[in-house]
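Starting from the known structure of chain C, arrange chains V, W and G with the ligands on it as the hints suggest.
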Amino acid sequence: MTRATGRKPGFIHRFDPAVLTAFGCIILLLVLGSLYSRNFLSPDYLLQQLKVASFLGVIATGMMLVILLGQIDLSVPWAVATGAMMACAAAAYGPFGVALAIPFGILCGVAIGVVNGIGVAYLRIPSMIVTLATNAVAQGVMVVYTGGFSPQDSATAAMRYLATGGLIPGIPNVVFIWALIGGAMVFVLGRTGFGRAVYGIGNRERAAYLSGINTRRIVMIAFAVSGGLSAFGGVLLAGYASKAAQSMGDAYLLPAIAAVVLGGTSILGGRGTYLGTVAGVILITLLQSILSVMQMPEAGRQIIYGLMIVLMLLLYGRAPASR
Amino acid sequence: MKDWQYRLAEQRGTLTALTIFVVMFVIYTANHPAGFTANVVQTAANKGVLLAFIAMAQTLVVITAGIDLSIGMIFLLTNCLASWLVVGTPLETAFGVVVVLAVGALCGAINGAIVIYGRLQPIVATIATGAVYFGIALLLRPFPGGSVNEDLADALTGRIFGSVPASLVALAAVVVLVWVPFSRSVYGRAAYAAGSSETAAYMSGMPIRRGKFLAYTLAGFVAAIGGLFLTFFTYTGDAAYASGNAYTLFSIAAVVLGGVSLFGGKGSAIGAVFGALAFRTIGDLLFVFDLDPLWQPLFQGLILLAAVSLGAFALFRVRNRLEWFL
Amino acid sequence: MESAAPLFRMEGISKRYGGVRALEKADLSVRAGAIHAILGENGAGKSTLIKIMAGVVAPDEGQMMLDGRAVDFASPAAANDAGIVCVFQELSLIPELSVADNIIISNPPTRFGMIDRKAQRRLAEEALARAGAADIHPLSLVKDLPLSRRQMVEIAKALARKPRILILDEATSALTAADVSKVFAVLKRLRAEGLALLYISHRMNEIAELADDCTVFRNGSKVASYPAGSKSDEEVIEMMIGREYHSVYPPKPERALQGVPVLEARNLSWTDRLQDISFSLHAGEILGLGGLDGQGQRDLLLALFGVLRGLRGTVHVDGKPVGIGSPAQARAQGIGMALIPEDRKTEGLMLPMTVRDNLSFASLDRLTRGGIIDSAKEQDFIDRMMTLLAIKAGSIDAPVGALSGGNQQKVVIAKWLMRQPRTILLNDPTRGIDVGTKQEIYQLLRRLADEGAAILFYSTDYAELIGCCDRVLVLYDGAVKRELVGAEITEHALIASALNIRSVESMHEGAAS
Amino acid sequence: EPEIVTGPSAEPECFAPWSAETKFLKFPKKDGPYRIALANGYIANTWRIQMVQTAKAYAAQSDVAAKLKEFKVVSTGEDVPAQISAINNFIDSGYDAIVVNAQNPTAFAPVIKRAKEAGVVLVAFDNILDTEDAINVNVDQKGLGELWGDWLVKHLPEGGKVLEVRGVAGTSVDTDRHEGIHEKLKASGKTFDVTEVMGKWDDGVAQKVTADAIATSGPFDGITGQGGDTGIVQAMIDAKHPFVPFGGETENGFRKFCAKFAAEGLKCTSAGSGPAQVAVAIKTAIAALEGQVVPQEVKLPLAITSDPDFKDGQDYFPAESDNFFVGNAFPSCGINFTAQEIMGQSKENQ
Ligand SMILES: Nc1ncnc2c1ncn2[C@@H]1O[C@H](COP(=O)(O)OP(=O)(O)OP(=O)(O)O)[C@@H](O)[C@H]1O
Ligand SMILES: Nc1ncnc2c1ncn2[C@@H]1O[C@H](COP(=O)(O)OP(=O)(O)OP(=O)(O)O)[C@@H](O)[C@H]1O
Ligand SMILES: [Mg+2]
Ligand SMILES: [Mg+2]
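Protein chains in written order, with our numbering: chain C, 16 to 338; chain V, 4 to 329; chain W, 3 to 515; chain G, 79 to 428.
Isolated chain C, as found in the complex (with noise of 0.2 Å):
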């Protein structure tokens, strides 16, 4: 009779071979780059890039809890611009609103990923179509909310540091804002109940049931965590950019999940590292900026862009052999 062995350490265990390869593709893609212009290799444009990577990065967690419970979060796009522009119409009340602009930002989109968790959990519509629709209700909700109230658009101070301040010389705060999100989320689906209980939803939501768990909750709150992430990225964005937009969050949603899944974490849920994320995340980032300095017409843009992402997935990407 085989014992049970003992744990291997931790890191052993986040570093698959789909993590590696996708940390791999990243190194790849910057000699590449540095082939067409030495820059790319430059501390800054990495800076840079670290940079536009986080807003991604936020965004993107909340993305891949939702994922790994086997559900799809499509509401990001408005979730992300009702953050943005909630936090800084916030700041038109007075001293109190402009302290209370980013918490109230990020309570907004903890309010559509409400939404979006009784849909998922308590009526048990498919995640793809209830936050299809909530991103719908929520972007006619921002419709009516600009034309009725000309509401204030530009950032906060608090904003602005957070995204564009940095407390280290040269690191940008909100390279410090997305480790710390990582960190956390690390820990969470680590050493947490929460996190296990995840895992396990993501693998089979019936077991988990049956295992005690209370399914609906964890499934609301990390829609809930989902929509709170997404528009606090919207808050960076808009600090970031100084000011809200409606069609913010648009650009996030596809790169989003591309970037979770081009981490290792599989779109059917119950199996993924963050550490995954993050080297998608990067991936995805590196990738869209290479290719949009390239001087290439946009139609090549999107067409290397799909094939980087095909390529890169039958890397690593593919699920195993049936026999």
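Hints should not be assumed to be uniformly reliable.
Unchecked claim - Chain W regions said to be covered by chain V (calculated; three or more residues, Cβ under 8 Å): (1) 68–79; (2) 95–103; (3) 106–113; (4) 130–142; (5) 310–316.
To be verified - In silico BS3-like links for lysine-lysine, alpha-carbon gap of 25 Å or less: (6) G/239 x G/220; (7) W/190 x W/164; (8) V/5 x W/145; (9) W/379 x W/394; (10) W/120 x V/5; (11) W/190 x W/233.
Stated by the list, open to error - If you want a taste of the chain C side facing chain V, the calculated C-beta under 7 Å gives, among others: (12) 141; (13) 147; (14) 148; (15) 155; (16) 220; (17) 273; (18) 276; (19) 290; (20) 313; (21) 320; (22) 328.
It should be emphasised that the hints constitute simulated quantities derived from the structure, not laboratory data.
Computed from a predicted structure; not experimentally measured.
Even for Gly, the Cβ is constructed at its ideal location relative to N, Cα and C.
Coordinates of chains V, W and G with the ligands only, in the frame set by chain C:
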């Protein structure tokens, strides 16, 4: 239970979608300033049929428990291609139609090959191929333009016998000639089976790979029919990214409204067609209710939310909570 | 049944899953017109062997010969074409398709390229009738059928393929005696028609009744092949487990039940499935649930565990009425219930997750402090469970799906024992488990009861009920038809009350025909 | 069916013909009050919201309101067929005129045909229609590009490195503006090394691609942006890129920056035509219904402000949103909305 009860249960999703559509459409035409006239029906049909094709294409993939997020881009690509090729003499036009449909099928086949033989998860694989298809569409039509054989276009978007919209007839023809044979064929059943339980289907010796591949390919083919109709409807080709994405997302909504399970194995393209028509009618309702323009998007969103929540009523009938979990 | 040239032979077959050696130079030889039983404890490699035979899994080495010619199956379809058809341990039915679709799945009759549904239905009805399951409506969806009916459909499906070699991998594990006897009649007829049959089961009495040849496997290799009846049960079991084997069931203690029952149900009714069920269960007691499968036993367990909505009647714990609305409440302190569910693969385990994660999953609230998992405590709990149940796993950080069926079942039980439940509900926990493991489980149950747990035990195997239970409630059509206590619990009594009105004689005839 | 007549049109300062070849139309006079519809496409951005607000405000002005029996707005989103169907429905419902901001210039041929048959006046603005059978109220997109090109040529007499932040690929507006810029740069005879990135007319995207371009190809001697210009300047500030001459759009935020950093080298020309052009389109539709002569293509004046003329409260509004589009006055048409009017009007409505 009697036979007819089983058959009814099988068609429940489709019948619900039909009911939702009929109710909405009656509300719409009853309040339309022009009423239930041939023109109003034709307008609604032409708009609805486009999404119906895309929803049918999406259904083909969704029953295999996959999803095709590139479907809107195939739609755009074939639209752009048709705006080059479907012109000229009847012979040239016919050739153009064949090429456009073949390209659509090829796009679908590429998706299928990547998902099945490349063993990639359909969501991301098709996000990526969607970018490629859009890039090609953009190469074909850097900006909107092109032309189409207008006689053919007018015939297919006009009316037959002065009252029946030709586009509806075309839609019905595609259902009968593509969907019905597929869903009743061995491969169609394999596609369903793969969507319901891939291991079980494999162990039962079903041709699941070929079934799924055929489903993806046909999805591209049907999306190309949609692209053709877009060309007939607009006389031009246009690589509009936002519009492609919108169709992809709408198709998912339509499929769900049509009673097709996103988890695979269940539902019918006929349901999805009604789902698409119902979804389109949501937008039409804006005409008949005098809403402030800025409230319109919210109104649409809320109706969509309400429509997709309808299915949740079934929950109250569930007596065994385990049935919540599939 | 003289030894003819073998119809099918496997030689030197090996298969590894990562580090796990599932098969090591295994041999097997099958002849036509005979039923060949394969025996072995959980994880011995039986399922792997027949999966290789059926083209589901590719062997690492070794060769197969059919009619003396070397064959190599690329897929289950290829094996089917060669006449090898398998009823797998994990059911291979498509839940969303109808029974008829499932039965005629591989090459349905077609007209103009489309499936001819009328002809298909006729064929399906024939196959169902042949399998003795004519009561199943061919248009019903498989997902709406209970497990036992699905297994009948699975058998009908295999028959519809007109196999030359038919393999049944624990095909009867979820069937009740009545269904088993129907299936046996079919199998015997097929044998007479000259088919080769391979039969895997952990039920020794079934093998005694059916088998012509037997092969025993242990640790992935063949231990012995012998003609049926040439060895005693004890000998066979010792070959299987590789050690000596004594009486299966632990002795039942004589104990006067006293005090307030831990669990008491009063007039439980639910839809049309449960009718007015009342019983009480004391600490230290093992209460059995008997009857034909699908008479409401599973619903009763789910009802107690808080899964069913719209339940009428009351449940009392320690004499006080409680409202249990979810498994979370059922397992909570004060109630302390545990349910070992029916289907370990979909209800008990998360197959891709590690043994560790699965074991602690039901006890996360106990293992966390402020929401954070206390790893030391977790490790400690897990170690205790691994030893208590002697779980065989390569590593506790390996996916639980890589364990054999029996060890998976042990993990399901262990994950609940970790909570030290006061009431344990078991839904057919020994399905597909080898005798050795079964024995361990019986002993464990008795020990838990002795330590003060109250156990409610549903089994489709009458012998188990007889061997383990202090009392048995026999359910029929959602109502308790009879309560058997102590010496009253006999096979005869169980069967008689399970069938409610039908006479016992006709049942025996059915089994013998 | 309009008559083709010779000019000049009514109110020639307002309804300026696009070119010398532009035809003049005279529709049969209809008796008011009229039913007019606005078929908008996409709605969820500030420009469009501001446009719809302006349309409502204009239709509510007493002299305009007197001529209107009904003014209905429908937004159909990004989907062209939906917009086509909307126009079809308006035609079937008997509207007298339909004003449209077309999602696509070429796709409307069939519906234009129908409108013509039904005697409905069709007026397109902003994104206009590629036809002679509808009235186009047109911004000179290529002219705008030329203006920006000229501005750079003027400020970079020696040529130099230029960053061009473009709009949405595949749109005619993007292509026209792009060509305008490049024609002027080429015509100057100097060498301009142009780095192109796609900013999608969106501040966030523009800011990101600008930051990337600065990091990899910068620094630049001049910049031109089709939209999202506030984001572009923000990226320059964040990257500590020196301020350079800039030809851009009319966002309030951009102009705020131009005013603020002019002394440090941010020499801007800010030109475009704000969402208020919808009012000109409505005015044109009414004029056509009244039987007045109107050009088939109306050339909208550009609202141009260049360094050093940025005036607080007139050319930009420090208290208003950055996303607000300035340049809402068409004095020659008697249309003059201030920011406060557009945004304030709706506040009372709530
Ligand atoms: N897919 C797999 N991946 C990894 N290991 C596997 C897999 N399938 C089987 N095994 C391992 O191979 C060995 C043999 O398993 P198999 O299922 O053949 O046993 P069995 O004799 O059928 O047992 P049981 O009676 O419990 O069904 C076991 O140790 C099991 O853990
Ligand atoms: N039925 C029981 N039998 C034995 N020990 C128990 C039982 N219930 C709880 N405990 C022990 O009591 C302690 C508190 O358990 P409980 O699960 O109630 O805490 P909790 O409220 O979840 O705490 P936290 O929020 O810190 O996780 C744990 O150390 C647990 O081991
Ligand atoms: Mg087995
Ligand atoms: Mg706890």
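Hint check results:
| no. | hint | result |
| --- | --- | --- |
| 1 | 68–79 | holds (count 3) |
| 2 | 95–103 | holds (count 7) |
| 3 | 106–113 | holds (count 5) |
| 4 | 130–142 | holds (count 3) |
| 5 | 310–316 | holds (count 3) |
| 6 | G/239 x G/220 | 22 Å, holds |
| 7 | W/190 x W/164 | 15 Å, holds |
| 8 | V/5 x W/145 | 18 Å, holds |
| 9 | W/379 x W/394 | 21 Å, holds |
| 10 | W/120 x V/5 | 16 Å, holds |
| 11 | W/190 x W/233 | 22 Å, holds |
| 12 | 141 | 5 Å, holds |
| 13 | 147 | 6 Å, holds |
| 14 | 148 | 4 Å, holds |
| 15 | 155 | 3 Å, holds |
| 16 | 220 | 5 Å, holds |
| 17 | 273 | 6 Å, holds |
| 18 | 276 | 4 Å, holds |
| 19 | 290 | 18 Å, violated |
| 20 | 313 | 6 Å, holds |
| 21 | 320 | 5 Å, holds |
| 22 | 328 | 5 Å, holds |
Consistency note: the structure conflicts with earlier hint 19 alone.
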